[in-house]
Amino acid sequence: MIHISVQQSAIDIAAEMTRAEAAGAGAVATFTGLVRADDGVGTLELEHYPGATEAALLRVAEQAIERWTLQGAIIVHRVGPMHPGERIVFVAATAAHRGAALEACTYLIDRLKTDAPFWKRETRGATARWVEARDNDHAAAARWDQPET
Amino acid sequence: MIHISVQQSAIDIAAEMTRAEAAGAGAVATFTGLVRADDGVGTLELEHYPGATEAALLRVAEQAIERWTLQGAIIVHRVGPMHPGERIVFVAATAAHRGAALEACTYLIDRLKTDAPFWKRETRGATARWVEARDNDHAAAARWDQPET
Amino acid sequence: MTIRMVYFAWVRERIGTGEESVAPPASVVTVADLVGWLAETSEPHAHAFEDRARLRAAVDQEFVSLDTPIGRAQEIAIFPPVTGG
Amino acid sequence: MTIRMVYFAWVRERIGTGEESVAPPASVVTVADLVGWLAETSEPHAHAFEDRARLRAAVDQEFVSLDTPIGRAQEIAIFPPVTGG
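Residue numbers (numbering that gives the first Met the number 0), protein chains in the order written: chain A, 0 to 148; chain B, 0 to 148; chain C, 0 to 84; chain D, 0 to 84.
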């Protein structure tokens, strides 16, 4: 099971967990990214590249399914304006055992950070700025390219 | 924020996620263990050691909070009889960044598997048997004892 | 000295009860001594404790190895390796 | 040859539009050539493309490095490093 969604609407965790669990395996690992409530951001706006975004997310999910023999992979990413405390992204990996689910979940979010065309703009008071990419996102994604040890 | 619960009732993921997100940080990682629907088990029964269980789970959560500077740690474990597809355990780690949340989530479930006094009994047809402990659970827990590299 | 014994999972089933009070002799120093002494008190205890490698213990709700002295413990639990999560 | 250009984030804002059609000369072989040629067409393009190290590209929705030949591409996207998740 693969489910990809790029959506304006709020992310419904209960519905996504039901979907993840319906794959029938014993282990579900999830990661949820939220607009931080503690650093003065009033509005966060997410822009994306329609079409290319969904294709990139599908590729990331397919790679995870194959590498960890998952029963399911879910990637839901919100776009448009959002506020502190709201969910930006939700990923889930469903597998027979917890090791696979947890590793695959980490892979999904690490890869999404570098491989999917999203851009964040933060507004603090009257000032808007585009968020800069972080080098350690690339380091996190690159470790999955290493040969297995 | 630490929340520990050992309960007979079903685990409410939406309520637990709300609790995890209320800690106000940017990243929430979760793990959910389910009664597998695919291996012939009709009923799974969870026995525990009242008092000692809650103390063990609290210790695991406190260790995770300290080691990864978490904003929150949640461990909810069901006891009593349950059926395929139902949730046995839910853990969540809330942190400022995803690396800490994901690692701490893995720690919570790895440690719970070896440090908390729960015992599973599976019924398949007319046959009940106590589940045997798995050596690789101890290997998974022990890797957290290694010095940081 | 009276100790409250508690048992879980197949240890409990084999013994036939989840708890009992016992008064071991002074020669019982460690948890392993206690298990050995209990195994001689009845056939069910002997059956429950026949494979020591599969037994785990807690003294006053702290998990310990079987060679731990029981000291002035009030509650000692004997059970199989845990399988939660 | 006409190519549909698409722009995102501050590249889009600096250029002042999210898309446009362009017809580069035959001397434009790679994405970098295209960016260089576009930078000479207007001040906003020059501003958007002034720091090549901060630009990323996709050719027909495939992510590529800037030295990739444009070939017979129909859609080329120029944008900053991604920051989703």
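What the hints contain is simulated information worked out from the structure, not anything from laboratory work.
Some hints here could point you the wrong way.
[Said to hold, decoys possible] Here are a few chain D residues that sit away from chain A, every Cβ distance over 10 angstroms (derived from the structure):
| id | residue |
| --- | --- |
| 1 | VAL5 |
| 2 | GLU19 |
| 3 | GLU49 |
[Claimed, not checked] Computed, partial: chain B to chain C, Cβ under 8 angstroms:
| id | residue |
| --- | --- |
| 4 | GLU46 |
| 5 | TYR48 |
| 6 | GLY50 |
| 7 | LEU57 |
| 8 | HIS76 |
| 9 | VAL88 |
| 10 | LYS119 |
| 11 | GLY124 |
| 12 | ALA125 |
| 13 | VAL130 |
| 14 | TRP143 |
[What the hints assert, rightly or not] Sample of chain D residues lacking proximity to chain A, with all beta carbon distances greater than 12 angstroms (derived):
| id | residue |
| --- | --- |
| 15 | VAL10 |
| 16 | THR29 |
| 17 | SER64 |
| 18 | ASP66 |
| 19 | GLY70 |
| 20 | VAL81 |
| 21 | THR82 |
This one's a predicted model, so the numbers in the text were calculated from it and none came from an experiment.
For glycine and all other residues, C-beta sits at the position ideal for the given N, C-alpha and C.
Do the hints match the structure? See the list:
1. The Cβ of VAL5(D) sits about 7 angstroms from the closest Cβ of chain A, inside the 10 angstroms cut-off, so the non-interface label is violated.
2. No Cβ of chain A approaches the Cβ of GLU19(D) within 10 angstroms, the least distance being about 16 angstroms, so the stated non-interface status holds.
3. With 10 angstroms as the threshold on Cβ separation, the claim that GLU49(D) sits away from chain A holds: the shortest Cβ distance comes to roughly 15 angstroms.
4. With 8 angstroms as the threshold, the beta carbon of GLU46(B) comes within range of chain C, its nearest partner Cβ sitting at about 6 angstroms, so the hint holds.
5. Residue-level restraint check for TYR48(B) holds (minimum Cβ-Cβ distance to chain C is 6 angstroms; threshold 8 angstroms).
6. Annotation: interface hint on GLY50(B) holds; nearest CB of chain C at approximately 6 angstroms, less than 8 angstroms.
7. Interface hint status for LEU57(B): violated, as the beta-carbon distance to the closest one in chain C is roughly 12 angstroms, over 8 angstroms.
8. This hint holds: HIS76(B) has a C-beta 6 angstroms from the nearest C-beta of chain C, less than the 8 angstroms allowed.
9. The beta carbon of VAL88(B) comes within 5 angstroms of a beta carbon in chain C, closer than 8 angstroms, and the hint placing it at the interface holds.
10. Annotation: LYS119(B) was flagged as interfacial toward chain C, and the flag holds, the nearest CB pair being 5 angstroms apart, inside 8 angstroms.
11. A hinted interface residue such as GLY124(B) counts as satisfied when its beta carbon comes closer than 8 angstroms to some beta carbon of chain C; here the least separation is about 19 angstroms, so the hint is violated.
12. Annotation: interface hint on ALA125(B) violated; nearest CB of chain C at approximately 17 angstroms, more than 8 angstroms.
13. A least Cβ separation of about 5 angstroms between VAL130(B) and chain C falls short of the 8 angstroms threshold, and the interface hint therefore holds.
14. With a least beta-carbon distance of about 15 angstroms to chain C, the hint placing TRP143(B) at the interface is violated under the 8 angstroms criterion.
15. The Cβ of VAL10(D) sits about 9 angstroms from the closest Cβ of chain A, inside the 12 angstroms cut-off, so the non-interface label is violated.
16. A cut-off of 12 angstroms between C-beta atoms confirms that THR29(D) is not in contact with chain A; the least separation is 20 angstroms.
17. Interface exclusion of SER64(D) from chain A stands, the closest Cβ pair being 14 angstroms apart, more than 12 angstroms.
18. With a least CB separation of 19 angstroms from chain A, ASP66(D) remains clear of the 12 angstroms interface cut-off, as annotated.
19. Every C-beta of chain A lies more than 12 angstroms from that of GLY70(D), the closest at about 18 angstroms, which supports listing it as non-interface.
20. Non-interface status of VAL81(D) relative to chain A is broken: a Cβ of that chain comes within 12 angstroms, the nearest being about 5 angstroms off.
21. Its closest Cβ contact with chain A, about 5 angstroms, brings THR82(D) to no more than 12 angstroms, contrary to its assignment away from the interface.
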